[in-house]
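Novice: With these hints in hand, go ahead and build the complete structure from the sequences.
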Amino acid sequence: MNVRFLLLLLWMPFCAMAQGFSGLGASSDGFAMPQPQAGFAFPNDHGPHPDFSIEWWYLTANLESQDGTEYGIQWTLFRTALSPENAPGWASPQVWFAHAAVTTPNQHFTAERFARGGIGQAGVQADPFHAWIDEWSLSGPSFRALDLHAQGADFGYAMTLNAQGPLVFHGAQGFSVKSPNGQASHYYSQPFFDIKGTLNLPEGPKKVTGTAWLDREWSSQPLDDTQLGWDWFSLSFESGSKLMGFQVRDSDGGTFTSGTWIEKTGQSVTLPHGSLTLTPKAWHSVAGRDVPVTWNLQLPEYGMDVIVDAVNPNAWMGVSIPYWEGPVSVRGSHPGKGYLEMTGYE
Amino acid sequence: MLLEFKSVTKSFQDQSGEIPVLRGVSFALDAGETLALTGESGSGKSTLLHIAGGLDTADSGSVLLEGRKINGLPDRALAQVRRHQISLVFQQFNLVPSLTVGANIRFQAALAGVLDPAFVDHLVGALGLQDHLDKYPEVLSGGQQQRVAIARALAAKPKLLLADEPTGNLDEETAAIVLAQMLALVEDTGAACMMVTHSPKIAGQLGRSLHLKAGLLV
Amino acid sequence: MMAPALWALMSHWWRNPIQFFAVIGGLALATALWCGVQAINAEARASYDAAAGVLGEGQYDQLVPRTGDTISVEDYIALRRAGWLVTPVVEHRFGAVRLLGIDPLTAPAGFAGLSAFQDQSNSFQRHSVFANAKTAETLSDELDIVVQLDVADGLAIADISVVQSFAKAKGLSRLIILPNQPMTQPLLEEIAPGLKRLAANQTADVEQLTDSFHLSLTAFGMLSFVVGLFIVHSAIGLAFEQRRGLVRTMRSLGVPMRRLLVLVAVEMGVIALIGGTLGVLLGYLIAATLLPDVAGTLQGLYGAQVSGVLEFRASWAASGIALALAGTAFAVSGRLLQIAQMPLLASGKSRAWVMARGQRSKIQGFLAVALLISAAILAGITNTLFLGFGLLACLLVGAALAFPLLVSKATQVFERRSKNATVAWFWADTRQQIPGLSLALMALLLAVSANIGVATMVSSFRLTFVGFLDQRLAPELYLQVDTKDESAALDKYLTDRGFESLPLPRADIDVQGEPARLLGVRVGPTYRQNWVFLDQIPDPWTDVKMGKGLIVNEQLARRQGLWVGHSVTLRQDLALPIVAVVGDYGNPSSQAIVSESLFADLHPQTPPLQFGVRTNDPQSLRTALVQDLGLAHNAMINQAQIKSASLEIFERTFMVTAALNVLTLGVAGFAILMSLLTLADIRVPQLAPVWAMGMTRRRLALLELARAVSLAALVFAAALPVGLALAWVLLTVVNVAAFGWQLPMFLFPAEYAGLAAYTLIAAVLAALWPVGRLLNTPPAALLQVFSNER
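Here the protein sequences come in this chain order: A, L and V.
In this note's numbering, each number is its position in the first sequence, counted from 1, plus 321.
In this note's numbering, each number is its position in the second sequence, counted from 1, plus 46.
In this note's numbering, each number is its position in the third sequence, counted from 1, plus 1.
In case anyone wonders, no lab produced these hints; they're calculated from the structure.
All values derive from a computational prediction rather than experimental measurement.
Note that the Cβ used here is the ideal one computed from N, Cα and C, for glycine as well.
You may find that some hints are simply not true.
[What the hints assert, rightly or not] Part of the chain A face toward chain V, derived, beta carbon under 8 Å: (1) D468; (2) Q472; (3) D475.
[Claimed, not checked] Simulated coverage check for chain L against chain V, where a stretch passes if three residues somewhere in it have a Cβ under 8 Å from a Cβ of chain V: (4) 137-145; (5) 253-263.
[To be verified] With beta-carbon atoms standing in for the labels, derived distance ranges: (6) L/D60 x V/A327: 37 to 45 Å; (7) V/F367 x L/K247: 50 to 58 Å; (8) A/E584 x V/M184: 39 to 47 Å; (9) L/I65 x V/A327: 44 to 52 Å; (10) A/G360 x V/T185: 41 to 49 Å; (11) V/F387 x A/Q387: 49 to 57 Å.
Specialist: Written out as structure tokens, the structure is:
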């Protein structure tokens, strides 16, 4: 899920962090709420929805260099609104922030940027598509052909992406439910990108190719007050089918699971709560927390029973709101690769 | 039989080597009996009393209290014996200076959980302490302090009262009165009493005498 | 069984309230000292942060406009979108207040005032202005002011949008360049040719200086707690000695040993909790009294939301009580062990509770000597913080252990030398009491030593700090130009108008293969009057002026081992002797300083682009420079303002630390009082024979008073060298180990004389009560000594 409902946040790297991810379930006074029958209007919906409190453009990619080494990259642009009313210039309540990362089998590089709306430092334009913050950008003539740039103090990358399949809508026509109480978001993906380009690492540039998955999601109150965090998977199997699956962990120990089974053709089926089971198999200590880095995922309807291993268990995003995000490899009934995001581990 | 010593030996370590103090002492004391232990300084009479009271331990032999062997018991068990079966009266009184006379008298009985206010009143009256209950021990005369110690010891209703020169710190006249009061109360309560004394005159007032010489009963 | 046994144990305190007061009071004072010092440290830290707020903007490189005084938002966005991580600052003057608008989203961690936003936890108000109470008073009512104590005086901080709308201005004043930049970025000229880069101004980075100060304060905080523990230890020791008989009696009455140990532990735990709690409250009171800015009424006065007021912090209270418990446990554990090992039958009489003599004092003496020798050796070889604190421990414990022995020896000498029998008896009697007083004497010695050390350290620090600011911020105005022509024009302009112009040319050079910065100076009164050297030849500036010598900073001297007398090769044919070494606190880089003309010879292509100017009216000179030479506002820094602001902030810290003196002396006086009071009863049998021989009680009382004074004098005599050694270790050993440079140590005889007087007064005050009791001892009590003897 990109239920990266991170957002919290009022502003700042600092404020809500103390509250942890549970703070995400805060109220949404004055903001628009996701509507089940809303539908989508493209290309406009590739752009921002400032009347919703949070939104993101979330890209992950599994890459391989010529020598066979596996890499992962992440590029995420978040938008959050401090208040629903608009104001021009520096007084704009729109806050943007972004995370970029490169994961190698034994290293993990991250960078983080912040910007406010209203002054042009960051933003998204739907057509031609252009998303940017500082010098980082994701842009192209259309949503199907994009260039990607980001850099930090010790890494950078430049990639080109070409979509090989259609957009996929999660839940009922893109209305994705996150809790038994009906919290939901508007959520669609482009999971069929081919990607190639160059990674700039301290040891030098590396040419890489692979596949990428872009998530778009916006909402105003995605999580319940009692939901602590989530474990989210985007997996691409060698068979050509794909799975988006997640569970939201509740403070009472229960979970809410959901997902989407995506055929090679792009046809998708929403997986209702309970059909997918996600079980942690091995834990790893990173940044002073214990995080599950090996998982067993079972989806009996599709005969799926796989073990998912982190490529680099130390893929910890030590940013303002820290979380774990990195590439994974999949073995078992449906071998493949993908990305895993885990939040709310204290 | 209340108290029985069987071949009890005890020696102390000194720079010059081992000094035997008790060299095989055997005797028995029945319930309600009073016994004087006499002997010269260093004859071992105080050591014998301390062993009987569980304050010291025998090297060999056995000490039986109501048929139960008490030598070699751990500190906890010995403390329980002292609390419930034995009371001690010392030459130095050993009162608690920060407690009033009344509190001192009630102290041991309270520790043992057998405090009987009526009985305490009786003891206080018999020993003539009723006017001193709220005073602190330091303002009492030696004779009065020892009366307090005796009251404290008997208030716990012991089966055996062990007394080590209880009148040794008192002048002759006071000593005679205190001793008489003490023996009367002992008889009254039916406790047995073993008293260390160097005075034949005092020994004569008790039911039986044992004389120690160089660690042996003679 | 528990209740009557506990009651019997506790009844001791009821009957001996002074001892109870000593234990509780000792614990409370030790804890209060700890808490008070914690609070002072916290205040000091806040002061540093505020000072850094004033000085700190200079820590970063900045972009300023080449002309005019605003930067357009477009330039800012262009830079950001080219990968330049910069953060905007808008500055607006509101009367005497600098209203600083920042962008909390992009400001670097630790940037001026960012903490103000952070402290607002999760209730961030974008529309608020943060200022301290004093500044808040002068700000406009239009603003939504939040009082925040750690914002520097005269500064108000807000989000950039708030300042822009208040000032009705659109542009940005300057851009701060963040320390960490991304992998690649284009040249500045390609993106924003209208901006120029100003190098970070390192002339006033006081962070290291304050860190060092803070470290020393922390060390003294620990020390004051140790002093308190001495009192607790002796008070508890006395109470245990007096209850040996009780313990034995209770055991003979059938209280098992284990039970007894538990009871005593519970009893002391309760007492530690009471003492610790009182101490925390007392410490809070002390801190609240000391911290000048703290007033609970701020909220009412300013109608503004108050934050940062001295709060009763759980962490404080918990650490204070934990220390009280740990200190008590430390003092009690030995005693419990004694009880556990105490044979049931040994004499119930109080053993001489005093410190052992004979064999034991030999061991003590041996230990003291060994520790002091270790300290001397460590002083020579210490190069790490760990060894530095080891050295402190050896020095203090060694001195404390040695002291009673030395006093004993001294009284022996005095006794032998005295011709008068009364005097001889006086000294002999004093010596007899030393074992009983030794813990109190040690506590007093440590307390007075700590005082001397604190006074020396704080005053040395203050002199150094003020001197350093005078030296580095002497020119009231600091100017920057871009070209050789501008440089010459500015110099001419200033000189023609009679200003003392101080060009500051600089170039990067190698000294023995290591990078260093060469500075040129125009030698004149400013340098001669304001620079303080760590080491120098007589009149070094004249040699510098004549090109016959150079000055290096301490960093270069230490790094390369080059001190006064060594020479430095500046060019193949030119080697100059070092004529002085200057302390350059907090500057990590090596520097060498030569005359302006020699600099021009060595680096003819490097004109001075920075100037200092002496002026009494920086504001109007500033205006004149803008009008006449077209200098940008941003190219001028008013250093006089920076200096006075930072001095004011530090003054507060200094004032607060003076309070440490009061605290530690109070504790020391208390230690003497308690020891004398507890000794008083033991004294009666000792004094009775003298009284019987015809000495009046009045005379005896006077002698007792004289004894307190002589002992205090001996304490001070010993504490002076120990305290100075303590300060020396902190300033020149620990500081070098921690920070790589040394704080010069100055001596303050007047302050020491004052401390000596306070010490004697404390001793007399402490002795008055016991002496009064002696005066009022009825003859019957003295007589009783004889009648009690058996």
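Novice: State for each hint whether it applies.
Specialist: Verification of the supplied hints:
1. D468: 15 Å, violated
2. Q472: 4 Å, holds
3. D475: 7 Å, holds
4. 137-145: holds (count 7)
5. 253-263: violated (count 0)
6. L/D60 x V/A327: 37 to 45 Å: The hinted range 37 to 45 Å holds for L/D60 and V/A327, with Cβ atoms some 42 Å apart.
7. V/F367 x L/K247: 50 to 58 Å: Holds - the Cβ-Cβ distance for V/F367 and L/K247, about 57 Å, lies within 50 to 58 Å.
8. A/E584 x V/M184: 39 to 47 Å: 40 Å, holds
9. L/I65 x V/A327: 44 to 52 Å: 45 Å, holds
10. A/G360 x V/T185: 41 to 49 Å: For A/G360 and V/T185 the Cβ distance comes to about 42 Å; the hint holds.
11. V/F387 x A/Q387: 49 to 57 Å: Check passed, 51 Å falls within 49 to 57 Å.
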